[in-house]
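Q: Here are the chains, one letter per residue:
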Amino acid sequence: MSRKMSVSSVILSCISAVLLGVSIFFPWWGMKFIAPQYPEGLDIIVYPYKMDGRIDIINGLNHYIGMQEFSEQTFPELSYLPYLVGGMALLILIVALVKRTRLLLLLVALFSVGGVLGLYDINRWLTTFGTNLDPKAPIQIDPFVPPILGENTLANFVTHSYFATGAFLMGASFLLLVMTLWRERKK
Amino acid sequence: MKKLVSAVSGVLAGFLAATVFFADFTNIGSQSSAEDSTNKSNAEKVYVPFGKLDEYYLFASGGHSGQMFIYGVPSMRHIRTVPVFSPDSATGYGFDKHSKELMGDYTWGDLHHPAFSETNGDYDGKWLFATDVGNSRAAVMDLKTFTTKDIINVPNTSGPHCAAFVTENTEYMFLPTRFAVPIGREYASLDDYSQKYRGVMSAVTFDEKTEKLNIAYQVALPPWSYDLSDAGKKMSKDWAVMTTYNTEEATTNLEINASQADRDYIILFNWKELEKMVADGKYENITGQKMIFPEKQKGGIYLVPVAKSPHGVDVTPDGTRFIASGKLAPSMTVFSFEKAFEAIKNKDFAGDRNGIPILKYESVMEREVNPENALGPLHTQFDDKGMAYTTMFISSEIVKWDPNTGETLDRVPVQYSPGHSVAAEGDTVSPDGKYIIALNKIAKDSYLSVGPSHPESMQLIDLSGDKMEVIQSAPVNPEPHYAQMIKADKLNPLKIYPKEENRPDSVWKQEDTRIERKGNEVHVYGVALRSKFIFDAKAERPDVIEVNEGDKVFIHLTNIDLDQDITHGFAINSYNLNMEVQPGQTNTLEFVADKAGTYPLYCTNFCSALHQEMTGYFLVKPKK
Numbered sequence: 001m002s003r004k005m006s007v008s009s010v011i012l013s014c015i016s017a018v019l020l021g022v023s024i025f026f027p028w029w030g031m032k033f034i035a036p037q038y039p040e041g042l043d044i045i046v047y048p049y050k051m052d053g054r055i056d057i058i059n060g061l062n063h064y065i066g067m068q069e070f071s072e073q074t075f076p077e078l079s080y081l082p083y084l085v086g087g088m089a090l091l092i093l094i095v096a097l098v099k100r101t102r103l104l105l106l107l108v109a110l111f112s113v114g115g116v117l118g119l120y121d122i123n124r125w126l127t128t129f130g131t132n133l134d135p136k137a138p139i140q141i142d143p144f145v146p147p148i149l150g151e152n153t154l155a156n157f158v159t160h161s162y163f164a165t166g167a168f169l170m171g172a173s174f175l176l177l178v179m180t181l182w183r184e185r186k187k
Numbered sequence: 001m002k003k004l005v006s007a008v009s010g011v012l013a014g015f016l017a018a019t020v021f022f023a024d025f026t027n028i029g030s031q032s033s034a035e036d037s038t039n040k041s042n043a044e045k046v047y048v049p050f051g052k053l054d055e056y057y058l059f060a061s062g063g064h065s066g067q068m069f070i071y072g073v074p075s076m077r078h079i080r081t082v083p084v085f086s087p088d089s090a091t092g093y094g095f096d097k098h099s100k101e102l103m104g105d106y107t108w109g110d111l112h113h114p115a116f117s118e119t120n121g122d123y124d125g126k127w128l129f130a131t132d133v134g135n136s137r138a139a140v141m142d143l144k145t146f147t148t149k150d151i152i153n154v155p156n157t158s159g160p161h162c163a164a165f166v167t168e169n170t171e172y173m174f175l176p177t178r179f180a181v182p183i184g185r186e187y188a189s190l191d192d193y194s195q196k197y198r199g200v201m202s203a204v205t206f207d208e209k210t211e212k213l214n215i216a217y218q219v220a221l222p223p224w225s226y227d228l229s230d231a232g233k234k235m236s237k238d239w240a241v242m243t244t245y246n247t248e249e250a251t252t253n254l255e256i257n258a259s260q261a262d263r264d265y266i267i268l269f270n271w272k273e274l275e276k277m278v279a280d281g282k283y284e285n286i287t288g289q290k291m292i293f294p295e296k297q298k299g300g301i302y303l304v305p306v307a308k309s310p311h312g313v314d315v316t317p318d319g320t321r322f323i324a325s326g327k328l329a330p331s332m333t334v335f336s337f338e339k340a341f342e343a344i345k346n347k348d349f350a351g352d353r354n355g356i357p358i359l360k361y362e363s364v365m366e367r368e369v370n371p372e373n374a375l376g377p378l379h380t381q382f383d384d385k386g387m388a389y390t391t392m393f394i395s396s397e398i399v400k401w402d403p404n405t406g407e408t409l410d411r412v413p414v415q416y417s418p419g420h421s422v423a424a425e426g427d428t429v430s431p432d433g434k435y436i437i438a439l440n441k442i443a444k445d446s447y448l449s450v451g452p453s454h455p456e457s458m459q460l461i462d463l464s465g466d467k468m469e470v471i472q473s474a475p476v477n478p479e480p481h482y483a484q485m486i487k488a489d490k491l492n493p494l495k496i497y498p499k500e501e502n503r504p505d506s507v508w509k510q511e512d513t514r515i516e517r518k519g520n521e522v523h524v525y526g527v528a529l530r531s532k533f534i535f536d537a538k539a540e541r542p543d544v545i546e547v548n549e550g551d552k553v554f555i556h557l558t559n560i561d562l563d564q565d566i567t568h569g570f571a572i573n574s575y576n577l578n579m580e581v582q583p584g585q586t587n588t589l590e591f592v593a594d595k596a597g598t599y600p601l602y603c604t605n606f607c608s609a610l611h612q613e614m615t616g617y618f619l620v621k622p623k624k
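Each protein sequence line maps, in turn, to chains A and B. Just so you know, we're using our numbering here: the first sequence kicks off at 1 and counts up by one. Just so you know, we're using our numbering here: the second sequence kicks off at 1 and counts up by one.
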């Protein structure tokens with residue numbers, strides 16, 4: 001297992017690192033709100049370092065159900081996530097350069113843990129916002145947790161949560177890494 | 001086998017019986033089916049389903065309503081009314097600070113002829129100009145916001161009916177007057193009409209940056225009535241033409257007395273030359289204006305004799321000809337710019353009138369066009385092939401004819417008595433053809449009755465086939481004079497006002513709202529959002545304004561819902577105040593709290609599910 005990685009494995013790992021690094025600049029996750037009055041939909045688009053979309057309007061509407069306002073400042077993750085992801089990409093690159101198969105295993109493990117933590121984090125926020133509703137809000141609704149992926153209906157809004165380009169790049173990066181590990185194991 | 005045969009024949013017999021008894025043969029080949037299919041295809045031509053938009057904007061002048069009506073073509077649906085010269089409580093126009101200042105003390109206007117800004121003789125979709133015959137003003141509307149940006153009072157002029165027309169690159173908008181008055185509108189006996197009265201024309205410029213209208217210079221033309229006008233195009237772009245009546249200089253009973261002379265004049269002038277005269281100091285300073293007196297500062301202005309009391313004069317898209325409509329004479333006269341330039345060059349004049357040289361009719365006229373039994377020609381529009389369409393007020397029709405030959409090509413009756421008509425970009429260097437709309441003065445029984453007062457009528461005519469065909473009719477409030485029709489994709493209106501954080505008096509965060517007192521002035525810097533007003537975030541009741549009787553109150557309100565069509569209104573009950581605040585807009589009410597008491601305030605423009613709760617109080621403490 002502590003053999004050196006093959007040239008093709010090194011190239012694959014490098015591609016994996018680049019994909020992960022590039023993913024920082026693309027949206028990872030989003031939610032689209034569609035209502036009869038908003039057939040064009042209102043978007044929340046999450047990048048590792050910023051949020052885009054029509055946050056002000058969504059906040060304005062959410063206040064009717066007593067949801068807390070959110071903004072980029074609400075999520076401290078946005079300030080360090082790009083460095084975490086960038087650091088991970090750098091680690092992959094370093095492993096590719098030192099060509100240690102055993103380190104490759106460690107990378108995949110780290111990547112998996114990071115991914116699970118990420119999903120947990122999104123779910124935590126969704127739960128926080130969906131369940132901490134102001135009891136004095138004009139419209140009373142039961143606490144709810146929108147899904148990380150898929151459709152949810154709330155009052156006149158149907159929300160669609162989805163993973164976006166950045167997440168797919170990250171996924172591709174992960175798969176490449178697993179593939180590299182698999183190739184090295186067979187040898 | 002036998003069973004099968006009887007079963008099949010039974011079914012067939014059933015079908016036959018059903019066909020005989022229930023099928024409808026009544027409209028096979030009948031007249032009504034042909035008519036139905038025509039109507040159906042006409043309906044299809046004008047039907048614009050939800051999700052689709054009209055192909056053209058129609059800007060119809062609102063006449064003595066002082067407003068501008070915006071319609072969609074071909075649906076002929078009324079989309080919006082934009083107030084220009086008259087107050088409008090629906091939009092708070094004439095109530096909020098900016099529009100109140102624009103309106104001055106005027107409470108009505110007579111909006112006549114609208115004109116789009118042009119680049120190279122084509123509509124550029126940026127601005128719309130309009131004139132007020134009632135109170136001698138001119139206005140400019142921004143086509144990004146569909147709001148009036150500036151209004152200018154035009155001195156020395158009374159009723160700029162003969163406007164507005166803009167030059168090829170919107171260098172000038174000229175405003176010739178309908179009524180002659182003494183300079184400065186001072187008192188002068190009508191016995192001195194010919195000596196002391198003048199028909200002053202103004203050259204107005206527009207500064208796009210400051211969004212202000214300005215008078216560059218004026219021309220003290222003879223005391224005649226100036227009726228309609230058009231700017232030259234292409235080869236005639238430095239020139240303009242306008243019709244006159246009452247060259248008799250009658251001072252009473254104009255119906256008779258201004259219809260005596262066989263010929264009146266078309267004024268032909270070179271605005272580049274007038275501009276140069278002003279630059280060279282060839283003018284007099286009078287009432288604060290640079291005034292050219294044609295009998296003293298000579299050049300640039302000529303008279304072309306024309307059949308008596310003409311109405312419209314329209315320049316062909318190629319700019320080579322101008323066509324005068326007879327009104328009282330049953331014909332259109334086609335004049336040649338080229339011939340006119342030649343005559344001017346050769347000084348081929350037949351004397352002068354009031355110091356202005358007169359060109360010879362024969363040397364400028366190209367042909368007289370007299371469609372059989374067509375009466376009362378008023379205005380001419382053009383299509384993409386350069387063909388002319390003239391409205392006939394008296395014979396109630398539109399006549400299509402060829403300016404190159406004078407041949408009548410087609411005629412279509414309209415109901416009833418068209419004044420102007422407007423074709424798709426029909427007064428530009430490149431008309432679109434496709435549609436023309438007759439702006440009829442009389443509707444009579446065209447629509448459901450609303451009593452003795454009638455709407456006016458607009459009829460949409462399809463120009464795409466061999467024959468002109470009326471395909472839609474729409475009532476319209478009094479009263480479109482002229483209109484402009486522009487391809488919808490030339491306009492790019494704002495959906496919301498941009499968030500300009502440095503805009504004076506604007507507030508963008510709830511916590512920045514505040515009420516400041518300076519002596520007896522109270523300045524409110526508030527926000528409106530779904531579904532509340534916040535005037536002072538730190539106050540116990542953020543939606544309450546409390547002042548003392550006699551205070552001067554400034555309420556600056558910013559709509560921070562940056563969402564399309566989330567308009568908020570702001571009214572103070574019993575204080576006769578209401579304004580509109582569009583998404584992202586900051587609007588100001590300025591007034592004196594001269595009535596002590598308790599006045600609820602509320603959002604007047606339905607904004608949200610809790611719009612009814614969007615209220616507060618305006619409390620005025622009585623003087624001790």
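A couple of the hints might just be wrong.
[Unchecked claim] Taking lysine-lysine and the DSS-like style, the derived pairs with C-alpha atoms no more than 25 Å apart in a straight line are:
id	chain 1	residue 1	chain 2	residue 2
1	B	Lys621	B	Lys532
2	B	Lys296	A	Lys32
3	B	Lys495	A	Lys32
4	A	Lys136	B	Lys509
5	A	Lys136	B	Lys538
6	B	Lys509	A	Lys50
7	A	Lys50	B	Lys499
8	A	Lys136	B	Lys532
[As the list claims (entries may be wrong)] From chain A, some residues computed to sit far from chain B (all C-beta separations above 12 Å):
id	residue
9	Val18
10	Phe70
11	Val116
12	Phe129
13	Asp142
14	Ala167
Note that these hints are calculated values from the structure, not bench results. By construction, the Cβ of each residue, glycine as well, lies at the ideal position given by its N, Cα and C atoms.
Q: Are there hints from earlier that the structure breaks, and if so, what are their numbers?
A: 2
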